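Using the sequences provided together with the hints, build the complete structure.
Top to bottom, those sequences are chains A and D.
Here the first sequence stands for residues 1 to 349, where the numbers follow the working numbering.
Here the second sequence stands for residues 1 to 159, where the numbers follow the working numbering.
Each hint should be verified, as a subset may be incorrect.
Said to hold, decoys possible - No more than 20 angstroms apart at the CA atoms, straight line, and that leaves these computed lysine to any residue pairs for SDA-like: (1) D:Lys80 x D:Gln118; (2) D:Lys7 x A:Asp71; (3) A:Lys148 x D:Arg87; (4) D:Lys150 x A:Met68; (5) D:Lys80 x D:Tyr114; (6) D:Lys155 x A:Glu70.
These aren't lab readings, by the way, just hints derived from the structure by calculation.
Please read all numbers here as calculations on a predicted model, not as lab measurements.
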Amino acid sequence: MSTELLIQYGVIPIIQILVVMIVVLTVVAYGVYAERKILAFIHSRLGPMRVGPWGLFQPIADGLKLLMKEDLRPSVADSLIFVMAPAILMLAAFSALTMVPFGEGTTMFGYEVPYVIADVNIGILAMLALSSLSVYAVVLGGWSSNSKYPLIGALRGAAQMVSYEVALAFTVVATLMIAGTMSTVGIVEAQRELGAWFFILQPVGFVIFVICMVAETNRLPFDLPEAETELVSGYFTEFSGMRWAFYMLGEYAAMIVMSCLAVTLYLGGWLRPFPNSELTAFLDVIPGPLWFVLKGFMFMYFFMWIRGTYPRYRYDQLMTIGWKVLIPISIANLFFTGIIILLVQAAAG
Amino acid sequence: MGLIEHKFEDNILTTTVDGFLNWTRKSSIWPMTFGLACCAIEMIAAGGPRFDIARFGMEVFRATPRQADLMIVSGTVTLKMAPIVKRLYDQMPEPKWVISMGSCSTCGGPYPTYAVLQGVERIVPVDVAVPGCPPRPEALFYGLMRLQDKIQEMKVLRK
Numbered sequence: 001m002s003t004e005l006l007i008q009y010g011v012i013p014i015i016q017i018l019v020v021m022i023v024v025l026t027v028v029a030y031g032v033y034a035e036r037k038i039l040a041f042i043h044s045r046l047g048p049m050r051v052g053p054w055g056l057f058q059p060i061a062d063g064l065k066l067l068m069k070e071d072l073r074p075s076v077a078d079s080l081i082f083v084m085a086p087a088i089l090m091l092a093a094f095s096a097l098t099m100v101p102f103g104e105g106t107t108m109f110g111y112e113v114p115y116v117i118a119d120v121n122i123g124i125l126a127m128l129a130l131s132s133l134s135v136y137a138v139v140l141g142g143w144s145s146n147s148k149y150p151l152i153g154a155l156r157g158a159a160q161m162v163s164y165e166v167a168l169a170f171t172v173v174a175t176l177m178i179a180g181t182m183s184t185v186g187i188v189e190a191q192r193e194l195g196a197w198f199f200i201l202q203p204v205g206f207v208i209f210v211i212c213m214v215a216e217t218n219r220l221p222f223d224l225p226e227a228e229t230e231l232v233s234g235y236f237t238e239f240s241g242m243r244w245a246f247y248m249l250g251e252y253a254a255m256i257v258m259s260c261l262a263v264t265l266y267l268g269g270w271l272r273p274f275p276n277s278e279l280t281a282f283l284d285v286i287p288g289p290l291w292f293v294l295k296g297f298m299f300m301y302f303f304m305w306i307r308g309t310y311p312r313y314r315y316d317q318l319m320t321i322g323w324k325v326l327i328p329i330s331i332a333n334l335f336f337t338g339i340i341i342l343l344v345q346a347a348a349g
Numbered sequence: 001m002g003l004i005e006h007k008f009e010d011n012i013l014t015t016t017v018d019g020f021l022n023w024t025r026k027s028s029i030w031p032m033t034f035g036l037a038c039c040a041i042e043m044i045a046a047g048g049p050r051f052d053i054a055r056f057g058m059e060v061f062r063a064t065p066r067q068a069d070l071m072i073v074s075g076t077v078t079l080k081m082a083p084i085v086k087r088l089y090d091q092m093p094e095p096k097w098v099i100s101m102g103s104c105s106t107c108g109g110p111y112p113t114y115a116v117l118q119g120v121e122r123i124v125p126v127d128v129a130v131p132g133c134p135p136r137p138e139a140l141f142y143g144l145m146r147l148q149d150k151i152q153e154m155k156v157l158r159k
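The following block contains the structure:
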């Protein structure tokens with residue numbers, strides 16, 4: 001009995017964590033390569049071509065070069081926080097991945113193997129809380145560098161991430177009211193029961209979520225914390241080598257987490273389109289986890305696409321969009337969603 | 001680092017490791033976003049679709065010297081600018097390289113005057129000098145490839 005418990009609650013989670021870590025780290029490394037290639041194609045260039053076939057070894061060369069760079073720490077920097085700050089970003093992004101449901105789960109050798117590391121009943125809340133922790137990496141990194149541009153970048157980052165989180169949370173609450181649960185697996189199951197992905201029921205919320213998602217990860221057109229034209233490199237100006245690489249990888253991991261969150265909340269997780277209809281039943285040849293990954297990559301591509309096509313917003317425009325447009329619309333959306341849910345419940349008796 | 005660098009004799013292991021590390025270094029030389037005069041326009045053209053510096057994995061122009069590997073001194077270095085160029089070079093982490101692009105930065109070019117530094121190698125060690133006034137992007141790429149050859153011959157672990 002106890003060996004069975006050990007395998008069920010000890011060995012299987014460790015294997016799950018290893019698989020998720022390895023897959024996500026690979027996606028992060030090759031996400032950088034994909035971004036460089038996609039940006040190149042948008043500019044009608046070729047992108048990396050010389051390092052390996054089609055430049056496929058580029059991420060390996062970049063990573064090892066950064067690892068072998070001089071370990072540079074400014075003499076005026078607060079050394080403990082300067083070392084810690086990049087790690088916080090990685091930690092926040094990777095721990096949020098524990099709640100991501102990649103599929104329905106299966107049974108192997110008599111043991112239950114869910115395709116989610118931890119299906120907790122406050123999953124979405126925990127994911128939002130962990131992704132908000134990344135603001136500490138930005139603020140502490142900028143502050144501990146003890147230099148002007150990182151400090152300005154960090155303050156901008158803090159203001160931006162905090163204000164966009166408000167709109168993000170309000171739109172998510174509207175979705176959670178329809179689903180009736182905060183568990184990530186439960187939300188996908190609710191979409192199966194209703195027979196529709198939630199972006200059909202929450203079109204306004206979906207658009208606001210996608211905008212806030214881009215702002216939350218500090219990607220273009222909302223990359224004001226790092227704005228090269230004004231702030232040199234923003235909050236990571238003083239970071240070099242592997243510490244800077246941690247910021248970069250953390251940003252990509254945050255993009256992956258946000259894509260997973262969007263897929264779970266609005267695009268039906270591992271479900272096929274119209275999960276209750278017989279017309280789309282043939283699409284079940286594609287297994288659930290593959291659906292999830294395909295939808296996730298769609299969002300990753302979206303991040304890179306808008307980076308190649310939109311210019312950066314001005315800081316006051318960013319704040320105007322956040323506080324005067326997105327937050328009022330998201331509150332109105334929450335209000336109307338509540339009214340409609342009440343009406344539907346009254347009609348159902 | 002610094003614990004293992006330049007500490008070992010030549011043997012099959014150290015030469016292989018050195019070769020691999022040099023390959024990583026020469027495959028991702030990130031230049032600094034930094035232009036001084038008309039040569040900078042040619043450097044920018046090198047990043048555009050027609051010439052595309054990204055093929056070498058070098059399109060990552062970093063705005064801060066802390067993350068850059070290569071300083072392309074592209075244009076006339078005036079005496080007023082020289083201390084700033086020197087300071088930027090000092091702020092870059094090792095290993096770092098310098099390309100002197102064009103006649104002005106190599107030897108003062110058409111400005112043998114009191115206001116212009118007669119060659120940037122008076123303040124920073126130049127690895128490759130690209131001739132031309134200004135050199136075309138192809139000439140810059142030729143210089144970058146010669147720099148890659150030079151990096152491949154460097155000693156990392158070996159004495």
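- Item | 20 angstroms Cα cutoff - pair lysine 150 of chain D, methionine 68 of chain A | holds (18 angstroms)
- Assess, step by step, whether the Cα of lysine 155 of chain D is no farther than 20 angstroms from the Cα of glutamate 70 of chain A, and give holds or violated. Holds, at roughly 15 angstroms.
- Item | Satisfaction of hint between aspartate 71 of chain A and lysine 7 of chain D, Cα-Cα up to 20 angstroms | Status holds; Cα separation ~18 angstroms.
- Message: What's the verdict on lysine 148 of chain A and arginine 87 of chain D, does the C-alpha distance respect the 20 angstroms limit or exceed it?
- Response: Distance ~17 angstroms between lysine 148 of chain A and arginine 87 of chain D Cα, so the pair holds.
- Query: Does the structure keep lysine 80 of chain D and tyrosine 114 of chain D at a Cα separation of 20 angstroms or less?
  - Reply: holds (11 angstroms)
- Message: Check whether the Cα positions of lysine 80 of chain D and glutamine 118 of chain D lie no farther apart than 20 angstroms.
- Response: Answer holds: lysine 80 of chain D to glutamine 118 of chain D is near 13 angstroms, not above 20 angstroms.
Going through the hint list in order, the structure satisfies each hint without exception.
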